[in-house]
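Trainee: Protein chains in written order, with the working numbering: chain U, 21 to 166; chain P, 103 to 231.
Don't read these hints as lab results, they were simulated from the structure. Please note that a few of the clues may not be correct.
Claimed, not checked - Over 12 angstroms on every C-beta distance to chain U, these chain P residues come out as not near it, computed from the model:
| id | residue |
| --- | --- |
| 1 | GLU137 |
| 2 | ARG140 |
| 3 | ARG168 |
| 4 | SER180 |
| 5 | ARG181 |
| 6 | GLY199 |
| 7 | ASP207 |
| 8 | GLN211 |
| 9 | ILE225 |
| 10 | VAL227 |
| 11 | LYS228 |
| 12 | ALA229 |
| 13 | VAL230 |
To be verified - To list a few chain P residues with every Cβ distance to chain U over 12 angstroms, as calculated:
| id | residue |
| --- | --- |
| 14 | GLU134 |
| 15 | ARG172 |
| 16 | ARG182 |
| 17 | GLU202 |
| 18 | ARG224 |
To be verified - Interface residues of chain U toward chain P, partial, derived using beta-carbon atoms under 7 angstroms:
| id | residue |
| --- | --- |
| 19 | ASP66 |
| 20 | GLY79 |
| 21 | VAL143 |
Remember, it's a predicted structure, so these values are computed and weren't measured experimentally. Every residue, glycine too, gets a C-beta built ideally from N, C-alpha and C.
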Amino acid sequence: MFSQLFRVADPYHDLHQLQRQVDALLSDWARPQRRPTAGLAFDVLDDGEHYRLVADVPGLRAEDLEVEVTEDAVAIRGVRKVAVPEGFSVHRRERESLQLARSFTFPSKLDPEKVEATLEQGVLTITLAKRADAKPRSVTVRSVAA
Amino acid sequence: MTNPNDDQIDTRPVHEVGGERPVLAPAVDIFENAEEYRLVADLPGVRREDVGIDLERGELTVFAKRDVIREGEALALSRREGDFRRVFRIPEEVDAGRVEASLDDGVLQVRLPKSERAKPRRISVKAVA
Numbered sequence: 021m022f023s024q025l026f027r028v029a030d031p032y033h034d035l036h037q038l039q040r041q042v043d044a045l046l047s048d049w050a051r052p053q054r055r056p057t058a059g060l061a062f063d064v065l066d067d068g069e070h071y072r073l074v075a076d077v078p079g080l081r082a083e084d085l086e087v088e089v090t091e092d093a094v095a096i097r098g099v100r101k102v103a104v105p106e107g108f109s110v111h112r113r114e115r116e117s118l119q120l121a122r123s124f125t126f127p128s129k130l131d132p133e134k135v136e137a138t139l140e141q142g143v144l145t146i147t148l149a150k151r152a153d154a155k156p157r158s159v160t161v162r163s164v165a166a
Numbered sequence: 103m104t105n106p107n108d109d110q111i112d113t114r115p116v117h118e119v120g121g122e123r124p125v126l127a128p129a130v131d132i133f134e135n136a137e138e139y140r141l142v143a144d145l146p147g148v149r150r151e152d153v154g155i156d157l158e159r160g161e162l163t164v165f166a167k168r169d170v171i172r173e174g175e176a177l178a179l180s181r182r183e184g185d186f187r188r189v190f191r192i193p194e195e196v197d198a199g200r201v202e203a204s205l206d207d208g209v210l211q212v213r214l215p216k217s218e219r220a221k222p223r224r225i226s227v228k229a230v231a
């Protein structure tokens with residue numbers, strides 16, 4: 021059954037054989053596959069001056085998202101409703117509704133006045149400035165004449 | 103969505119997809135009504151010019167290049183790196199010439215209309231006097 025469903029259409033595609041996922045549109049059988057991370061997939065990066073929080077939120081529009089920043093944390097809230105279009109029957113449903121409510125804390129204090137949030141192609145990027153007194157200061161070492 | 107042509111997806115292959123880079127299978131929904139099949143796929147972070155759709159020998163391939171750019175020290179990393187690619191076998195009744203796709207907010211929608219002759223037809227039963 022399994023091998024019948026998984027067929028190679030073109031010998032030139034052999035290279036992709038291991039990577040490709042062949043799914044029959046009309047049947048509901050499931051195969052193990054590499055899925056995006058369950059739940060919210062996000063990165064947090066530190067470039068010295070800022071923290072950057074990047075999250076995959078496909079299907080969410082700017083008006084579906086709420087971002088709240090304090091000195092200590094960023095809270096993100098958002099809802100994605102995944103609905104069956106009116107009058108359609110379902111063959112496969114893998115996209116999940118998302119009820120996002122998450123708070124992120126950072127090693128240093130944030131400046132809530134200096135926050136920028138953008139949404140592009142379903143990716144939310146929040147750039148957070150570290151509070152000035154939280155940034156490491158470099159101190160010049162003076163040589164003291166003996 | 104003022105001009106419907108704005109939503110046409112380039113169907114030319116994006117050759118850089120896959121290769122040495124990891125390949126992720128996007129989460130999809132598939133729906134059907136009397137007129138068409140509809141495939142919806144999450145492709146966060148993918149630009150319109152980096153999506154490709156191939157329809158060949160009864161197989162629909164959706165592929166997309168995605169660059170995850172990371173600058174600075176990583177404190178947390180859970181976004182998966184890699185390109186998206188997934189292949190679906192499609193029913194013969196799909197009219198390949200009328201397949202349409204759009205990409206909005208990181209979500210791809212592919213409409214696969216059924217050919218006219220495949221659509222169910224209602225035949226009225228005439229009473230014979």
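Trainee: Give a verdict on every hint.
Mentor: Hints versus structure:
Against the 12 angstroms criterion, GLU137 (chain P) falls within the reach of chain U, whose nearest CB is about 9 angstroms from its own CB. The Cβ of ARG140 (chain P) does not lie farther than 12 angstroms from every Cβ of chain U; its closest approach is about 7 angstroms, which violates its non-interface assignment. Not every beta carbon of chain U lies more than 12 angstroms from that of ARG168 (chain P), the smallest distance being close to 9 angstroms; the non-interface claim is violated. Some Cβ of chain U comes within 12 angstroms of the Cβ of SER180 (chain P); the nearest lies about 5 angstroms off, and the non-interface call is violated.
Chain U draws ARG181 (chain P) into its interface by the beta-carbon criterion, the shortest separation being 5 angstroms against a cut-off of 12 angstroms. For GLY199 (chain P), the non-interface assignment is confirmed: its Cβ lies about 18 angstroms from the closest Cβ of chain U, beyond the 12 angstroms cut-off. In this structure ASP207 (chain P) is not separated from chain U by more than 12 angstroms, as the shortest Cβ-Cβ distance comes to only about 5 angstroms. Some Cβ of chain U comes within 12 angstroms of the Cβ of GLN211 (chain P); the nearest lies about 10 angstroms off, and the non-interface call is violated.
Distance to chain U confirms ILE225 (chain P) as a non-interface residue, since its nearest Cβ pair spans about 22 angstroms, more than 12 angstroms. Against chain U, the non-interface label of VAL227 (chain P) holds: every CB pair exceeds 12 angstroms, the least being about 25 angstroms. Separation of LYS228 (chain P) from chain U is adequate, the least Cβ-Cβ distance of about 29 angstroms exceeding the 12 angstroms criterion. In this structure ALA229 (chain P) is separated from chain U by more than 12 angstroms, as the shortest Cβ-Cβ distance comes to about 31 angstroms.
For VAL230 (chain P), the shortest C-beta to C-beta distance to chain U comes to about 35 angstroms, beyond the 12 angstroms cut-off, and the non-interface label holds. With 12 angstroms as the threshold on Cβ separation, the claim that GLU134 (chain P) sits away from chain U is violated: the shortest Cβ distance comes to roughly 5 angstroms. For ARG172 (chain P), the shortest C-beta to C-beta distance to chain U comes to about 6 angstroms, within the 12 angstroms cut-off, and the non-interface label is violated. A cut-off of 12 angstroms between C-beta atoms contradicts the statement that ARG182 (chain P) is not in contact with chain U; the least separation is 6 angstroms.
The claim that GLU202 (chain P) is not at the interface with chain U holds, since no C-beta of that chain comes within 12 angstroms of its own (minimum 15 angstroms). Every Cβ of chain U is farther than 12 angstroms from the Cβ of ARG224 (chain P); the closest lies at roughly 16 angstroms, confirming the non-interface assignment. The closest approach between the C-beta of ASP66 (chain U) and any C-beta of chain P is roughly 5 angstroms, which is under the 7 angstroms cut-off, so the hint is satisfied. Hint status for GLY79 (chain U): holds, given a least beta-carbon distance of 5 angstroms to chain P, under 7 angstroms.
Using the Cβ-Cβ criterion of 7 angstroms, the hint placing VAL143 (chain U) at the interface with chain P is satisfied: the shortest such distance is roughly 5 angstroms.
Violation of the numbered hints given earlier is confined to hints 1, 2, 3, 4, 5, 7, 8, 14, 15 and 16; the remaining hints are satisfied by the structure.
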